[in-house]
Structure formats: structure tokens, C-alpha cells
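Chemist: Chain B: place on chain A using the hints.
Protein chains: 2
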Amino acid sequence: MLVNRKCNILIVGLGLIGGSYAKGLKKLGFHVSAIARRQETIDYAIDNNIIDEGCIDINEKIIGEADIVVFALYPHVFKEWINANQRFFKPGAIITDVTGVKSCVVYDIQDMLRDDVEFIAAHPMAGKEVYGVENADEKIFYGANYIIVPTDKNTDEAIEICREIALLLQFGRISTLSPAEHDEMIGFVSQLTHCIAITLMNCSDNELLVNYVGDSFRDLTRIARINENMWSELFLLNKESLLREMDKFLDEFKSLRDELASDDAEGMKEKMRISTARRALFDK
Amino acid sequence: MLVNRKCNILIVGLGLIGGSYAKGLKKLGFHVSAIARRQETIDYAIDNNIIDEGCIDINEKIIGEADIVVFALYPHVFKEWINANQRFFKPGAIITDVTGVKSCVVYDIQDMLRDDVEFIAAHPMAGKEVYGVENADEKIFYGANYIIVPTDKNTDEAIEICREIALLLQFGRISTLSPAEHDEMIGFVSQLTHCIAITLMNCSDNELLVNYVGDSFRDLTRIARINENMWSELFLLNKESLLREMDKFLDEFKSLRDELASDDAEGMKEKMRISTARRALFDK
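The listed protein sequences derive, respectively, from chains A and B.
Take 1 as the starting number for the first sequence in this note's numbering and just add one per residue.
Take 1 as the starting number for the second sequence in this note's numbering and just add one per residue.
Excised from the complex, chain A in its bound form (with noise of 0.2 Å):
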């Protein structure tokens, strides 16, 4: 392994994804710091064990001994905060993320980083309807998707202390893609289905719905209650993508809404056969 148990781990952002790295981390004999925003934050997780010491202004000490740095912040602070704090890493150190987002993150940060230091982007895909360092879980990436997303920049090294962290925190799957191939599924399998949940909750303003839905409704809004100023954020950031599958999803749908009209039942009922065998890969 080369992340051992004497790498000093700081996590920048400690709301729910960074929150529960640092739980997951702590738990497993890591010294884990973390910068937050408001020492409220850091005094509760420092309290409930999720960090061993923390700080909400830029503290040299602290950036300065983390041989491993996780940022779980909005894309452009993310960007604006490497700016201007990367001269107190410490050479050497390895600098990751959790950002959905890529294309318009990685090759910025790359290119501004400092020579002795090294950004490996990665994307744990896994998450819950609820914020904040009071709702880490290091439970909600067991079993998980992890994506790491690498360019022509990054070590074999720093690809494998990225894995090596997915595996510790007891992820599922860890695949690797280019930013713009994960750019291109998370517009698919994230973003459209958040853009769906949202529209399925704009259809109707019954406020007895709640007394008809069926668990199909339930699960295909979960995801309705969503941070308006991350996810518009996510979304223009990767517009491109999302529009393009977007459009794929209208047209697809719309090719159902006609086979309905005309009523043709055969093209409704392949169309059924192909999603049944395709999600049946899902829970093999």
C-alpha cells in the first residue's frame, strides 16, 4: 500500500461527502484535519470523532503537514481556493477531490498546481438527500461506484493512492474514464435523472399526492429535494453533456408518448424487453 496509517489526511469541505471521508478515514487510524467555513462545523466533528483537528481560516500548520488532501467544495471555490492557498502544500503531497463535475475542474487545477504537487480527480459516486457534517456516514460508500478520473498529467502513482483510498472507505466498483467520458455519463446517469426528479415534482402542485403514490414515485423523486446552488452550478458546468442527453431522453420518450398514441403495442412492449433486460444487469 503506499497510503499508510502515518499519512496526515486534510479534508477541505466537511459537509456530507467530505464529513464522511473524514469519519471513514479517522476510523481506520488515519490522522484526519480539515478546513470548514464555520468553526461550528469543526467543533462538532472534532467532538463526534470525525477529526482529530481542525480550522476555518488558512492555516499553514495544518496544510502544510497533509501528505494526502481531499477537496469536497463547489467547482469554482474549489478553483479559487487552490489559487490562491497552494503555495503552503507540502511537496510531494497528492491532491484529490470528489467534485461531479470534471472537464472544467481538472485541467485548470493541473495547470496552475504547483510542479511539486500532483491533482488525481476522482468521484465517489454516492450520496443521501440531506447536508452537513451532522449527516456523515462513511456507511453511504460501502459498495459504491467510484470513478477516477486521470489525464495524460497524472502518475501511476497517484492513480493508485486514489484506488487505494476507494478501497479503504470500502467502495464497490473503482473504474477509470477521462474527464470528458465521466463528464458525458454523469450527464446521463446523475444529472438527467436529478433534471427528471426535479420535473416530476414541478407536474403537479396536489398537496395530497402524498396519499396516491406508489414506491415508483417515491424513488423517482428522491432526488427533488436538491441543493438549488450546487446542482444549477453542476449543471451550467456541464452543460454541454447534459443537454445532449437531455435531448436523447426527449426524443426516446417521445418515441414511447407515439407508440402510445398510435396505439402500438409491440413497439411499447420491445421497448419494455430492452429496458427489463438491461436493468437485470443492474442486480446480477
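Just so you know, these hints were derived from the structure itself, not from any lab.
Incorrect hints may appear among the rest.
In silico EDC-like links for lysine to aspartate or glutamate, alpha-carbon gap of 16 Å or less [as the list claims (entries may be wrong)]:
no., chain 1, residue 1, chain 2, residue 2
1, B, K239, A, D258
2, A, K284, B, E129
3, B, K90, B, D116
4, B, K239, A, E259
5, A, K284, B, E207
6, B, K284, A, E129
7, A, K139, B, D215
8, B, K254, A, D247
9, B, K79, B, E118
10, B, K27, B, D52
11, B, K90, B, D67
12, B, K128, A, D215
13, B, K239, A, D264
14, B, K153, B, E118
15, B, K6, B, D52
16, B, K269, A, E228
17, A, K90, A, D67
18, A, K239, B, D264
19, B, K239, A, D263
20, B, K153, B, D108
21, A, K254, B, E252
22, A, K128, B, D283
Pulled from the structure, derived: some chain A residues nowhere near chain B, Cβ distances all over 10 Å [unchecked claim]:
no., residue
23, E40
24, N48
25, E53
26, C55
27, I58
28, H76
29, N85
30, P91
31, G92
32, M112
33, T151
34, D156
35, Q170
36, S178
Just so it is clear, CB atoms sit at the ideal spot from N, CA and C, and this is done for glycine as well.
Modeler: Structure of chain B alone, referenced to chain A:
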């Protein structure tokens, strides 16, 4: 209680839902009989304490002894069955069902039915992506929604019997809607969501998808494993309502798409705030 343990209950159609009714009601002490298509189904249900007795043919004695008959068949089979065999019903019997569409079924059956028996329609909003009596599980009803769908022809007594069955099976909220209201509501909360799940799985033939999805994509496509014969029939029998709901969804989805295309962050955020507030009502 109008429904007491001396009532004989007959289930016609012993699939997942019929089997789950049978299992739950037999556990409560009712005498439960069943009519199924295949002898294996009857044998399995008897061997596993799901029913007391059953047959695959039209058994005058079993039908004639039933105080309450629950139909769990495809809509078109349901109507044919009533037409062919209603002469065997016990005078005073209460007939109910679990059919997913109502307008096209309820009035026809009430019109053709003998005057000395009463049909009261109901829709248990519960299910699973598996089929058959082997997967029967009365727990799928616990806390689920149950919709009673009376017409002017129904008596208060029959409505109350229906409500008592739902309470005995531990459904959660019990509501009453007219057939037209039911079909509009189901077009939205159930059929539209299935159309979306089918469409999502038809958008990509990437066999590695399972490596990249998070819980959101899993949740939105769980119901994409679908019985194509039953659901294409349900869609076509509720065609006008479902088309209206699909078109409403298309308009809302396109509106979100156009906001993204024109960098209208505030417009997207407003939709997210609405979806968050409305969905929060489900989790109170």
C-alpha cells in the same frame, strides 16, 4: 367490523398481488381459496400456507361459498371472467379487485353484474419487480397507499368492507377517488414513472453502465424491469390520461432544458426550490 373471520375469501388470479392478499388474509385467520391458471401455482400456495384450497377450473362450490371475491387479473381477462361465470357467485357477495386502471373496467362490470352482488373497485399502490405467487409477501402492503374507487352504484357498506380489508392488510393511507380521478392520478404517479424508467434504460446500450451509476440512477430505473404484456395493456386502457401526463411532463422537462441552454440559473433554481418543498411533504 363488517368483515369477520367467518367470511370466506376467494382470490381469482394468484400472482404477486393476489398471492400477497391471500397470504396476509390467511395469516389473519380467514378461510382463503383461490383460482389460478396452473396447478403448480395452487400446489405451491397450499404447500406454503398461502391458501386453504384452490382450483384451476371453474369450481362452482368454491365460487359459491365466497363472501368476498378479490380479482387480481389482467383487465380484459377480468371482464371476460365476470361475464362467463358470474352466475356462480353467492347472493350478497362483495366483489373487489386490484386492477391498475378503473374507468374502462368499473362501469362495464357494474353494468353486466347481477343485481344481488356488488362490485367495489380498489387499487393497492404496492408492488415489486418480481412476479408470481412464489414472491407473495403481505409486507409489501404495510404502510402503502390504498385507493377505493366507488361509483354512484356502490353502497356505503361495500365501501366500508373495502376499507376494512385495507386496514386488515395494514395499508397506510386509505383514500377515495372517482374512476376518472383515479385514472388521471395513476397516469401521473404510476404510469408516467414507468414510462420514464423504460425510456432511461432505452437511452444507453452501454453494458458497463452498472459500474458508473449511483443510487439515483438505480432508483429511477428499478421499475424498468417490467411485465410488458400487463403494462402495455394498462397504458392503452388509460391512453388519454397517460398521454396528457406525458405531454405535461414533456413541457416541464423542455422548460428546464431551455433554462439550462440559456444559462438561466435562477429559473433552474426556482424549479429546484419547488421540487424540494413539494417532495419534503412526502417525508413528514
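Chemist: State for each hint whether it applies.
Modeler: A quick look at each hint next to the structure:
1. B/K239 <-> A/D258: 11 Å, holds
2. A/K284 <-> B/E129: 14 Å, holds
3. B/K90 <-> B/D116: 9 Å, holds
4. B/K239 <-> A/E259: 11 Å, holds
5. A/K284 <-> B/E207: Holds, at about 13 Å.
6. B/K284 <-> A/E129: Given pair B/K284, A/E129 holds - Cα atoms ~14 Å apart, limit 16 Å.
7. A/K139 <-> B/D215: 13 Å, holds
8. B/K254 <-> A/D247: Holds, at about 9 Å.
9. B/K79 <-> B/E118: At roughly 15 Å apart (the allowed maximum being 16 Å), B/E118 and B/K79 satisfy the hint.
10. B/K27 <-> B/D52: Status holds; Cα separation ~11 Å.
11. B/K90 <-> B/D67: Holds, because 7 Å separates the two Cα atoms, which is no more than 16 Å.
12. B/K128 <-> A/D215: Holds. B/K128 to A/D215 sits at ~9 Å (cutoff 16 Å).
13. B/K239 <-> A/D264: Between B/K239 and A/D264 the Cα gap is close to 12 Å, so the pair holds against 16 Å.
14. B/K153 <-> B/E118: 9 Å, holds
15. B/K6 <-> B/D52: 14 Å, holds
16. B/K269 <-> A/E228: 5 Å, holds
17. A/K90 <-> A/D67: 7 Å, holds
18. A/K239 <-> B/D264: 11 Å, holds
19. B/K239 <-> A/D263: Status holds; Cα separation ~9 Å.
20. B/K153 <-> B/D108: 12 Å, holds
21. A/K254 <-> B/E252: Roughly 14 Å between the alpha carbons, so the hint for A/K254 and B/E252 holds.
22. A/K128 <-> B/D283: Holds, at about 14 Å.
23. E40: 23 Å, holds
24. N48: 24 Å, holds
25. E53: 31 Å, holds
26. C55: The assertion about A/C55 holds, with a minimum of 31 Å to chain B.
27. I58: A/I58 clear of chain B: closest Cβ-Cβ about 29 Å, beyond 10 Å.
28. H76: 12 Å, holds
29. N85: The assertion about A/N85 holds, with a minimum of 27 Å to chain B.
30. P91: 34 Å, holds
31. G92: 31 Å, holds
32. M112: 25 Å, holds
33. T151: 18 Å, holds
34. D156: 21 Å, holds
35. Q170: About 15 Å separates A/Q170 from the closest Cβ of chain B, which puts it past 10 Å; holds.
36. S178: 13 Å, holds
Of the hints listed earlier, there is not a single one the structure fails to meet.
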